[in-house]
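Chemist: Following the hints, complete the assembly by docking chain B onto the known chain A.
Line by line, the protein sequences give chains A and B. Throughout the first sequence, residue numbering follows our numbering, covering 490 to 1105 in sequence. Throughout the second sequence, residue numbering follows our numbering, covering 490 to 1105 in sequence.
These aren't lab readings, by the way, just hints derived from the structure by calculation. Just so it is clear, the structure is predicted and the values come from calculations on it, not from any experiment. Any given hint could be a false lead.
One copy or any two copies: either way a pair holds, since identical chains are not told apart in the list.
[Said to hold, decoys possible] Straight-line Cα separation of at most 27 angstroms, DSSO-like style, residue types lysine-lysine; simulated pairs:
#1 K744 with K831
#2 K797 with K744
#3 K733 with K716
#4 K831 with K738
#5 K621 with K733
#6 K797 with K733
#7 K1075 with K744
There are 2 protein chains.
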Amino acid sequence: MGTSEFRRELGQQFRVDSVRMSSAAGSGHPTSAMSAADLMAVLVDGYLRYDFSEPKSVANDRLIFSKGHASVLLYSIYRAAGVISEEEMLQYRTFASPLEGHPTPLLPWVDVATGSLGQGLPFGVGMALAAKKLEQLDTRVWVLCGDSELAEGSIWEALEHASHFELDNLVAVFDVNRLGQRGETMVGWDLDRDVRRAEAFGWNAIAIDGHDVEAIDEAYAAALSTKGQPTVVIARTLKGKGVKAVENKNGFHGKPLEDPEAAIAELGGERDLHVDVATPTATPSARAPRTKLELPRYELGDEVATRKAYGDALAALGAARPDVVALDGEVSNSTYAEEFAKAFPERYFEMYIAEQQMVASAVGLQAVGWRPFASTFAAFLSRAYDFVRMAAISRATFSLSGSHAGVSIGEDGPSQMALEDIASLRAIHGSTVLHPCDANQTARLVAALADTGGISYIRTLRPATPVLYGPDEEFEIGGSRVLRSSDDDEVAIVGAGITVHEALAAADALGEEGIAARVIDLYSIKPLDAETLRAAAEATRGRIVTVEDHWPEGGLGDAVLGALAEADEPLRVVKLAVRDMPKSGKPAELLAAAGLDAEHIAAAARQLMTETASTT
Amino acid sequence: MGTSEFRRELGQQFRVDSVRMSSAAGSGHPTSAMSAADLMAVLVDGYLRYDFSEPKSVANDRLIFSKGHASVLLYSIYRAAGVISEEEMLQYRTFASPLEGHPTPLLPWVDVATGSLGQGLPFGVGMALAAKKLEQLDTRVWVLCGDSELAEGSIWEALEHASHFELDNLVAVFDVNRLGQRGETMVGWDLDRDVRRAEAFGWNAIAIDGHDVEAIDEAYAAALSTKGQPTVVIARTLKGKGVKAVENKNGFHGKPLEDPEAAIAELGGERDLHVDVATPTATPSARAPRTKLELPRYELGDEVATRKAYGDALAALGAARPDVVALDGEVSNSTYAEEFAKAFPERYFEMYIAEQQMVASAVGLQAVGWRPFASTFAAFLSRAYDFVRMAAISRATFSLSGSHAGVSIGEDGPSQMALEDIASLRAIHGSTVLHPCDANQTARLVAALADTGGISYIRTLRPATPVLYGPDEEFEIGGSRVLRSSDDDEVAIVGAGITVHEALAAADALGEEGIAARVIDLYSIKPLDAETLRAAAEATRGRIVTVEDHWPEGGLGDAVLGALAEADEPLRVVKLAVRDMPKSGKPAELLAAAGLDAEHIAAAARQLMTETASTT
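Okay, chain A solo, but in the shape it has when bound (with noise of 0.2 angstroms):
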């Protein structure tokens, strides 16, 4: 069988084992596979690099759906590679099988989860960077894109990225199969306006028809012979390719076909054919070993930025680990990742104001074995919501760093202001979200992130606070800080970040008037210390006043709250939170006007003591 042959072949393949799996699965999307199915026999057949015995090494190639509903198409690609059995293809999402309805990390070739478009591409632009400007590598990213997904933004900040970083090693492929799951797409089959669109963003762009695949080769190599830009094979193909009953025709997406036997027939009959993917010949070289860390260490009573710290304590941590790399949102002077970008600038990347991008990036860099820290304002990692949910999914291991949190950053006003980060970064899965108060407390806990697993997050702040704990003080992700206690305590202030600072005010005030208010810093929101808030609670009989500048749902009241869920003795817990829209203006002002200084903090311990003095 000739090459051209085989790979029409395979591509059939490919289509037969999509209508199986869907079939078999009772759901799935095979027409949306069969549009992509020749796209893919090329690749893998002609081009690919990858050892499927070695998934993690950075000697492969990587493969991205970023059209993950396609997965019977990758599945089909893994059982022609002989990596899964024709029995495991047919377990096609049920719940014993790694084969997802979307590509997870459940299967070892899978880097990353895709399933929300328009991800998959900003993820490749992550990997490419790694093996172009870290590793040196002439490993290439390949990425196949629906085009439904095409009316993402994510799609065209990673167009404007890997344009700007001059990605060459990045080739997507866009499936321009017309329909999107309800009708046609916006630009339809109109691929001159994708190859403008590309180009116009710095691209290589090729137009084909995804079905010949003598074209498709044409491009590839076209691709791989493109130097100094990225390569966009924009291939105009049929949903349902191959099969009369589905092929073009609206209605049909996600659905199994209703004749599948019929369909095998038309398709040509099952097949077991193999196809040779090739193994990679780059070399990776060894990591630099890493150093002893020497963090930042701050005096005692000086007053400096938690956010400045952030930044000290990230260089310091790129001195001692190779692995470490930095991204900030084009806020670096204000989250003060600049610092570890003037150290490192080989290791530091500017994401511009694309949050999505930079998200998605250091997934796409760690997935490739890098360590990475991102960063903007608290507020605009909302942005990036989707991306750090599906990050969660990724199985990913990256740092985010937030500053300018809450109303103490002042007169510019609600719209940078983070007040919604710690509830919604609390709710992905096994994050870490912490909330320090002070310089060194920030230092060593940037430096216990770097060996933390899974998604973590550092809120930082943007005025100067005073420096509170010493530089040799050690701190715990998962552990608190009690400032004040007595064995009178009678009332307990539970804070973080700034109104640590408030609390400990409001506690001296208290202890003016003869209550003994313990203070506790929960720096460590996520996990968080539930033994030293159940022993607040005991000994104050249930009296807790917490106070977080942050909405009051999901943030640290909350989370107060769950750690005393099961408690032995009745709760007064006040929760203080930001419960009005804030403005501009002073941040004492703000903080006042919020009910979260000092001021207020003591009344509403006060108010709690009058309260409970009848009733315990």
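Modeler: Quick look at chain B alone, frame taken from chain A:
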């Protein structure tokens, strides 16, 4: 003074006032205002039609500062137009002033809050859609964008949608001053690249010198005469234009000028020009009157998916209320927004797979008097989280419907499962979060939402669930339903959505063992019925099992704990929630694996009885 001379002088006045305001405040972005001053001078003198005394009139043109940090320029316009005094102007960024750091609707002439970049143009698309498609008015929407924000994918979503909808009433002005916060943008002054990109996206693009008032005038005139496509004026400008100390220099972003007196002198001193903004000529037509709402009715015991009831109810609402509009992210056959689309195609907007633009369109539409309902898979609302966050600052009113919530979707796997939506959307200021469990309840709640201010969210289910409530039963926002109760209740089970059905089965099983379990359908998660929860805690000596198809953080369980933060009895609350990353499988398998099915709920209740038997 001739027209051009006046406009040049007006531009200088805007610069001077920008310098004055930011110097008075000690913060702000004067250099970002100075680059766009001439562009705005020509606009307000020659093109904008706006009645400042009737800011809500749809007869007005709209002006949006997508680069919200240039707020001083906007306020300079207001001063020149005579709607704020010099004294008011100089209160910029102070606590008592509505002149916030970034524009918000605290000022009556600001329709939408900006300050998170890349949002103003998408909002403008929504407003332009209203004018062109709904009102058939010849009003225009003008949007001033910065060049840094062109890195945001949402800008390209807006460009694509504006072109798709042929919004020739939309004019974008790109202020290409080359310099971002910390350095040059990716594109710099390569105006040709921006022209090619905009043209490739179907826009009429005009590149000019942004300080040449005649060229600006010609460009705006050309924009007005362009039919069938939107126009973008791409203006090469100098950041800090007019003051040599900062002009076209890096390092002066977001800072008052060091020597404002010298800068003002260099700009020709203070001026007191008045600009006569033209009044609008459009005549809005009266909207059809509302008619009686006839909600769909479902039979008790039938199996109906709540997402289907959403679609049916939305169509019913569309019949009764001519102000209701619907949008969907290319999944209307899954969310059932298609029921509305079929009935009222002229009030339905297909947003394709662009969730940011979908929410932004809703924000824009509501700003000009429409009542939007926007839907997609609940998981994908996370894509637009920053837009929802900003919409709250815009004081916007619209509803979001998220379908396919939780593991109960089954085979499609975790990428399609919303498990963080309750947490993230509870943490939106003033939001309403509903999660109905049956079709009649859904329909009633959709109707209630239409009369609810702020941002509201209704979470619907993929699988069909039994109809539990009769079609005449009424449901209030903030209410709940006690589905099982007796004087002997020993434990309460609180669920919503799919878990209500599991909770009922669990209660039945427990009842057979002699354990009386109260079952609460907490369909309104925010606001929530604290009274009913407190009564349940009292009746059961604090024994409560919460059960939610959501991560443990920030969802229904935390909301319940929040209501019980001040309790008269020790709490024994057990939160059942999704704790491990789910996978593909059958809905029942996944509910069981997550510990959310009737069996696990009953087991949790039994264990609670055992654990608390000795202590109470």
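Chemist: Are the hints correct? Go through all of them and say.
Modeler: Hints, one by one, checked against the model:
no., hint, result
1, K744 with K831, "between (52 angstroms within a copy, 22 angstroms between copies)"
2, K797 with K744, "between (53 angstroms within a copy, 19 angstroms between copies)"
3, K733 with K716, "neither (41 angstroms within a copy, 41 angstroms between copies)"
4, K831 with K738, "between (55 angstroms within a copy, 20 angstroms between copies)"
5, K621 with K733, "neither (44 angstroms within a copy, 40 angstroms between copies)"
6, K797 with K733, "neither (63 angstroms within a copy, 31 angstroms between copies)"
7, K1075 with K744, "between (57 angstroms within a copy, 16 angstroms between copies)"
Hint violations for this structure: numbers 3, 5 and 6, all remaining hints satisfied.
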